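Just so you know, the sequences run in chain order C and Z. In terms of the numbering used here, the numbers along the first sequence are unbroken and rise by one, the last being 496. In terms of the numbering used here, the numbers along the second sequence are unbroken and rise by one, the last being 1256.
No lab work stands behind these hints, which were simulated from the structure alone. Keep in mind the model is a prediction, meaning the values are calculated, not measured. The beta carbon of each residue, even a glycine, is placed where N, CA and C say it ideally should be. Hints are supplied without guarantee of correctness; some may be wrong.
[As the list claims (entries may be wrong)] EDC-like mimics (lysine to aspartate or glutamate), calculated; alpha carbons at most 20 Å apart, straight line:
id, chain 1, residue 1, chain 2, residue 2
1, Z, Lys1158, C, Asp470
2, Z, Lys1146, C, Asp470
3, C, Lys469, Z, Glu1096
4, C, Lys469, Z, Asp1143
5, C, Lys440, Z, Asp1059
6, Z, Lys1129, C, Glu443
7, C, Lys440, Z, Asp1058
8, C, Lys440, Z, Glu1096
[Stated by the list, open to error] Computed footprint of chain C on chain Z; a stretch qualifies when at least three of its residues, placed anywhere within it, have a C-beta under 8 Å from a C-beta of chain C:
id, stretch
9, 1007-1018
10, 1055-1061
11, 1111-1125
For reference, the chains in residue letters:
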Amino acid sequence: MPAITETREQVEKLGQSSYQWGFETDIEMDLAPKGLNEDIIRLISTRKEEPEWMLEWRLAAYRSWLKMKEPTWAKVTHPPIDYQDVHYYAAPKKKNGPKSLEEVDPELLRTYAKLGIPLHEQALLAGVEVPEGEEARMPVAVDAVFDSVSVATTFRKNLAEAGVIFCPISEAIRDYPDLVKQYIGSVVPVADNFYAALNSAVFTDGSFVFVPKGVRCPMELSTYFRINARNTGQFERTLIIVEDRASVSYLEGCTAPMRDENQLHAAVVELVAMEDASIKYSTVQNWYPGDENGRGGIYNFVTKRGACRGARAKISWTQVETGSAITWKYPSCILQGEGSVGEFYSVAVTNNHQQADTGTKMLHLGRNTRSTIIAKTISAGKSDSTYRGQVKIMPKASGARNFTQCDSLLIGDQCGAHTVPYIENRNMAARVEHEATTSKISEDQMFYCRQRGLSEEDAVGLIVNGFCKDVLKELPMEFAVEAQKLLAISLEGSVG
Amino acid sequence: MSELLKISGLHATIDADGTPKEILRGIDLVIPPGEVHAIMGPNGCGKSTLSYVLAGRDDYEVTSGSALFSGKDLLTMEPEERAAAGLFLAFQSPVELPGVNNANFLRTAVNAVRRARGEPELDAVGFLKAVRAATKNLSMADDMLKRNVNVGFSGGEKKRNEVLQMTMLQPTLAILDETDSGLDVDALRIVAEGVQNLRSPNFSALVITHHQKLLDYLGPDRVHVMAKGRIIRSGGPELAKQINEEGYAAFLKEAA
Chain C
1 MPAITETREQ VEKLGQSSYQ WGFETDIEMD LAPKGLNEDI IRLISTRKEE PEWMLEWRLA
61 AYRSWLKMKE PTWAKVTHPP IDYQDVHYYA APKKKNGPKS LEEVDPELLR TYAKLGIPLH
121 EQALLAGVEV PEGEEARMPV AVDAVFDSVS VATTFRKNLA EAGVIFCPIS EAIRDYPDLV
181 KQYIGSVVPV ADNFYAALNS AVFTDGSFVF VPKGVRCPME LSTYFRINAR NTGQFERTLI
241 IVEDRASVSY LEGCTAPMRD ENQLHAAVVE LVAMEDASIK YSTVQNWYPG DENGRGGIYN
301 FVTKRGACRG ARAKISWTQV ETGSAITWKY PSCILQGEGS VGEFYSVAVT NNHQQADTGT
361 KMLHLGRNTR STIIAKTISA GKSDSTYRGQ VKIMPKASGA RNFTQCDSLL IGDQCGAHTV
421 PYIENRNMAA RVEHEATTSK ISEDQMFYCR QRGLSEEDAV GLIVNGFCKD VLKELPMEFA
481 VEAQKLLAIS LEGSVG
Chain Z
1001 MSELLKISGL HATIDADGTP KEILRGIDLV IPPGEVHAIM GPNGCGKSTL SYVLAGRDDY
1061 EVTSGSALFS GKDLLTMEPE ERAAAGLFLA FQSPVELPGV NNANFLRTAV NAVRRARGEP
1121 ELDAVGFLKA VRAATKNLSM ADDMLKRNVN VGFSGGEKKR NEVLQMTMLQ PTLAILDETD
1181 SGLDVDALRI VAEGVQNLRS PNFSALVITH HQKLLDYLGP DRVHVMAKGR IIRSGGPELA
1241 KQINEEGYAA FLKEAA
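Based on the provided sequences and hints, a complete structural model is requested.
Below, the structure is given as structure tokens:
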């Protein structure tokens, strides 16, 4: 039917321009020369005014990295990455360091406005008081990362009163060296894997969070990452430490400008939860996925790991992954403390030529440790998506339990979805459950929805959001709404 | 306007392993506003195909003929445009939508249609009020709104859910494709009353059925007998009675 073909074409056109956050900001950049060697690492360390031990740590990581090879076990393919063709340091040129909002580059503020960083945070930056009535809403603290240097940090005072430290990691290295030294690399060792080693050598910024004993962090912590400089690899490093009986919820969300070249991104996130502590780490990732022909897009190689060190500690990862050309990411939990809990809730959406190989690892060391894995994979277009998960129960983990559910939803007939579970149980008194399903959005479902007046896009949105409900409900409210919209945007042009 | 729906010489084929197979072979049918028409006919005569073609399902190709709905060319419209224009199809086998909350689905549909019709959207409160009234009329349990669309519904619940959607979407023409099949006596009565509640000068229905019982409740204005992709006989309600007593054999013979 010609009318339908026409609509389909229109919808596809929409899909191509759907990356509404594709823009670049003109800000003077301070750029290190391309390439990676010890001098570059020294430069980064100097620019960051780091202590000597940090430089040595970086150099050790670099030397390990030189001996390592890129992992090849993931189901992703890409042209070889020339690690010497990347700028490892870019910082917006600052005159004297912004001390107030007026001093922050207005271009940068405009960028945040375009990104939709909540205005009340900008207002707070400007020192505007929040009216009484609005106190009810949980405030969100933002440590905004613009390329590699954090330029504005809010809510610092409120947090400080509660004893919570939330600051750029480069600052933490200078101001809280003992804490950083004690924990950095303790969950993800410098030579853990190729990308983690690279990150350890060259990371330029990221967030540091410390919640002391007995403190419930009074607000959601949030960081907006944004890649902005051409050919600049982003190497974020995040370290979150939550002491006994303390808790925190951390939100991370990203968008990136549209560009032709592939961009390398290798972040490391380390979480440490002590006795009865709880960490909720939520991510909405929407980096540029490449165009409809698979040109461009971010290569996202991330190492995220949390350690439940104390008894009854809990770490919960929730992620909605819609962006990047390649996603290589396995947020994991080391369940060491007796009765500690690990959770992984994931929605991974791939469209066009995107490739995602993502999942989790749950390592059960302690007695009565529990883990839950809910992974929803949605593939459309010519994309390929793999869930790769490992559940490992060690001999001492008596009474350990795991429940895993992996569901795949296919849209169209040119995409792929794969589930690769690794289960290793060395304790007879442990229980492991694994469920997996694969389904398709059927023509019957589409026709039924459209007969009730829904457009194709609305119908897909409704069905996909229904499919992901179990994961989306784990997100904090602010993100749940954004995530629903993202899912719809990511799948635009995928039906028909 | 004396014609809400006017179908003329409608031919349609379905793709059967690469070769088009003709299912509709020249349908002529006129439904005026406010009337209820019934279509009866042996299995495989094209009744369901007719309803799908009118609703705009992709699998069929219209090879010739026309269908005007409120004077507009129905056949060039997208399915959702037909829905917005006031056409509703109650499915013979309502489709399950796992994970999609029934109330949310209904509200999204109602507001999509209202937007398209230039009517203000219903807010959560207004919607709940309207839907509560409708479910009560249909003797539906409240929890059906909280469940996922048609998932785990019994046959009767699915059909009632169709009538609920129909009530909320306020169509000017409802096509009921064997909505009475598989219903027990009580469920049939509730469904029939649901349709009767909509009866007005602005509501017409095309009821596809095998059974006299539903028509007893609805009191159709016209009954059409369909065979081999054509309407071979049209008449008043007495036609349905005759089929009920004698079967289709006599009509088929007559047509041949």
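So, going through the hints one by one against the coordinates:
1. Lys1158(Z) / Asp470(C): Outside the cut-off at roughly 24 Å; violated.
2. Lys1146(Z) / Asp470(C): Holds, because 15 Å separates the two Cα atoms, which is no more than 20 Å.
3. Lys469(C) / Glu1096(Z): Holds, because 16 Å separates the two Cα atoms, which is no more than 20 Å.
4. Lys469(C) / Asp1143(Z): holds (18 Å)
5. Lys440(C) / Asp1059(Z): Judged against 20 Å, a Cα distance of about 18 Å means the pair holds.
6. Lys1129(Z) / Glu443(C): violated (32 Å)
7. Lys440(C) / Asp1058(Z): holds (18 Å)
8. Lys440(C) / Glu1096(Z): holds (13 Å)
9. 1007-1018: violated (count 0)
10. 1055-1061: holds (count 6)
11. 1111-1125: This one holds; 3 residues, not fewer than the three required, reach chain C with a Cβ under 8 Å.
Comparing the model with each numbered hint stated earlier shows that hints 1, 6 and 9 do not hold.
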